[in-house]
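Asks: Residue-level listing of the chains:
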Amino acid sequence: MVYDIAIIGAGVVGSLTARALAKYNLNTVLIEKTSDVAMGTSKANSGIVHAGFDAMNGTLKAKFNVKGCAMMEETCKALFVPYEKNGSLVVAFSNAEMEHIKELYNRGLGNNVPDMEIIDAAKLKELEPNISDEAKGALWAKSAGIVSPYELAIGAAECAAGNGVEFVRNFDIDAITYADGIFTLKCACDCEEIQAKFVINSAGLGAANIAKKFNGEEFEVVGRLGEYGLLDRSCAGMCSHTIFQCPNEMGKGILVTPTCHHNILVGPSSINVPSDANDDTSVRVGALREIFATAQKSVPIVSTRDMITSFAGIRAHSTTDDFIIQPAKDNDHFINLIGIESPGLASSPAIAEYVENMVIDIIGKPELKSDYNPGRKEPIIFRELSMEEKEAVIAKDPAYARIICRCETITEGEIRAAIKAPAGAIDVDGVKRRTRAGMGRCQGGFCGSKVLAILSEELGKPINQIEKFGGDSKIIYERTK
Amino acid sequence: MSKILNYDLVVVGGGPAGMAAALEAANNGIPEENIIILERAERLGGILEQCIHSGFGATYFGEMMSGPEYADRFVKLVEKTKIAVKVDTMVLNLTEDNQVICSNKDDGIYAINAKAIILAMGCRERPRGALDIAGSRPAGVMAAGAAQKFVNIDGYMPGHKVVILGSGDIGLIMARRMTLEGAKVECVCEVMPYSGGLQRNIVQCLEDFDIPLYLSCTVIQVHGKDRVTGVTIANVDDKMLPIPGTERYIECDTVLLSVGLIPENELSNQIGLEMDPVTRGPKVNEMRETSHKGVFACGNVLQVHDLVDFVTQESQIAGKGAAQYIHGAAEPEYVTCKGINGVRYTVPQRINKNNPEEVKIYFRVANVYRDKRVVVTCNGKELWNRKKLKLAPGEMENVFIKPENLAQMNAGDEIIVSIEEA
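So the sequences go chain by chain: A and B.
Taken in order, the first sequence gives residues 1 to 481; the numbers are from the numbering used here.
Taken in order, the second sequence gives residues 1001 to 1422; the numbers are from the numbering used here.
Just so you know, these hints were derived from the structure itself, not from any lab.
Small disclaimer: the values here were computed from a predicted structure and weren't measured.
It is possible that part of the hints are untrue.
Unchecked claim - Heads up, simulated DSBU-like pairs for lysine-lysine below, C-alpha to C-alpha not over 30 Å straight-line:
# : chain 1 : residue 1 : chain 2 : residue 2
1 : A       : 481       : B       : 1080
2 : B       : 1390      : A       : 450
3 : A       : 474       : B       : 1184
Said to hold, decoys possible - Simulated coverage check for chain A against chain B, where a stretch passes if three residues somewhere in it have a Cβ under 8 Å from a Cβ of chain B:
# : segment
4 : 12 to 22
5 : 30 to 36
6 : 281 to 288
7 : 309 to 315
8 : 416 to 426
9 : 467 to 477
As the list claims (entries may be wrong) - Chain A is faced by these chain B residues, among others (derived, beta-carbon under 10 Å):
#  : residue
10 : 1003
11 : 1005
12 : 1006
13 : 1008
14 : 1084
15 : 1158
16 : 1266
17 : 1328
Note that beta-carbon positions come from the ideal geometry of N, C-alpha and C, so glycine has one too.
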């Protein structure tokens, strides 16, 4: 079969684009290199819906950020994805930095960012009692928010798959050829080729490479490593806004923010990585000490003592310092999305809409599906239900009465539903990102083997064939003698 | 809530602590049918079920047995009684007025009104994330106890070439266990200058198998994309920071962590019990009653023990205390206990001065000490002292307070346990 549209990369942008195009009568395939949705930059970032004052006036970053920020609440509501409009603060520690935040304020006005205010130290302390006494003031952007980035991608992919988009995992594109109006995508392994009439290259860090493989077009992209420490939920309340320091040439600096799941996130560092290390998301030795030392400048009480995990992600930084969203040279049926770094997450709903319109402009408006659902089946989140709702859910399915993950109160029912969902979980980390089982303070110490057993049962695979996250990441080996 | 049950005593956790506490409450006059044990695993026994090595029971039963055998003695005793047992049941929360909300597949979600509650949830292992270990996050890094469950209960090998970080007892036991199962254990790294495990385990699990123990040494980086391919280890200075130039790479496919146990205090925190920052368990009186009236705690949820024998003894105290509470006891008058001079904490943290029996105070020391005296004083008066050839953080110690000493104290007095020159 020849698909109408092939979308390369099931990150947040690719998945939201798949969801946007799923409303039409098109045969669409969403192709992912790894075993799951949101395995690259979308998995490991700050989860911030930026207000949009950072990007220079007139850039795509500015345009899509402000628009995406305005679209985010509704998008998340439709997809049942955790989102909170908590507002952000860029904190100044000197008169020079106060000047800097005024500049950001004016830039924000130029970008049409709503609801900004420059506040003094007293007001800042009122908003954030744990802020450093050294703070002189801040830029408060009330439209900024936080979102669970991987859940946004998962929700979008599940919506797309539920509306008929095919999701293909473990398809690592090795070559793309074009003949007679048809693109042929070959995988690095010898699995079946995929053919499509239109390609959207939203492969994140790999997008420049895919573009080059297609027609030799070169984009200059640098991978930037960002390392983070995540604090226990007992730290919730250390801050309620997303707290930035003044940005520098390497990005927006180290932030301290609550997450949608009531942890505190500290990071990221910003380190350019060599192009051959684009998939190495190792945390550097000593990195967390540096990150926390910097973070303590704005919020002195954050400490590695409360850390439950650390991680790193790599974002694709274009040397143009802007998003590149344009058709390939000489072929308007192949759209490249290059350098989608921060504020890529905030921009993602707007980028998806923009790409949708690009596609329609080129191929003509297809017929709309009559039964398109812009959402997905509402996931049952046991811990958030009232007692009556819990009883009702359990009456229908007793699997919701069996708690698998103690730290986060996740039931067997939720885990089974996450595996059965369209584009559902097929490994332990997939279950973790969809349900939070294993995300808590014991990090899967108690529930790990129970999750393995449920996956084994649902997927009909022996327990020692279940992987942590695809590839060669099996958790246990052969039987003991 | 459509289903509400009533029991005199609800015991949360059916491991050695919960079983001993429930049995002792019954021995002290609480009708068996008015006691219920709630256990989250599929059967009673707790962590002992996966501890198939010998070394349990020497103190309490005067004989050496395996973990499951030790547990089985208590399971059989419980089965002989009318004490109710619910397995595969998780307690979701406790309410201010001692109601226990729990859930399982057979009964759904329901509440139990309790006159007294004993918390006996045990402890959990510190995960990798709590440590500042750099590198990737591949499969093959797991807590030693989780690996023990895979090997001993599920019957699967978690790895073939193993580095163990932390010389806690589970790490030591697993070094031997993995070796016996045919894996190669490259080394055990311990960040402290001494092991946190029992001396007998260092001899029987490492030395007897020629497994090296590197002290003042830690894993600083994990390598491998999908599965662990190796680790970088390094020596650490007295601030426990890696010393540049001492790094070395060890090839392995598995890293087991035995870097400390933390009392499983989700419920204790949820009802806002007063906690001890050192033990990370609730503060209790000599009967193991917490700051919340009628809520008791015992075993590893209170303080992490080395030997199950002491868990049993402590839990019997809690069972008796809960029974006395249910029967109605006089208002206590408290003196407090504290450790100084190298004594990190004491359990209990407060004692009713009117207690008619001898009180055993457990404690741990902060460092390795040789040829010292352990001294107990109150108001400057020495109440007890004993010479010790060796004291180590890995071995729990205890002292005794006589009722006649307690009787002479005033409410609010402070009992001090300290280490002094011999």
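Asks: Taking the earlier hints as the rules, which of them does this structure contradict?
Replies: 1, 2, 4, 5, 8, 11, 12, 13, 14 and 17
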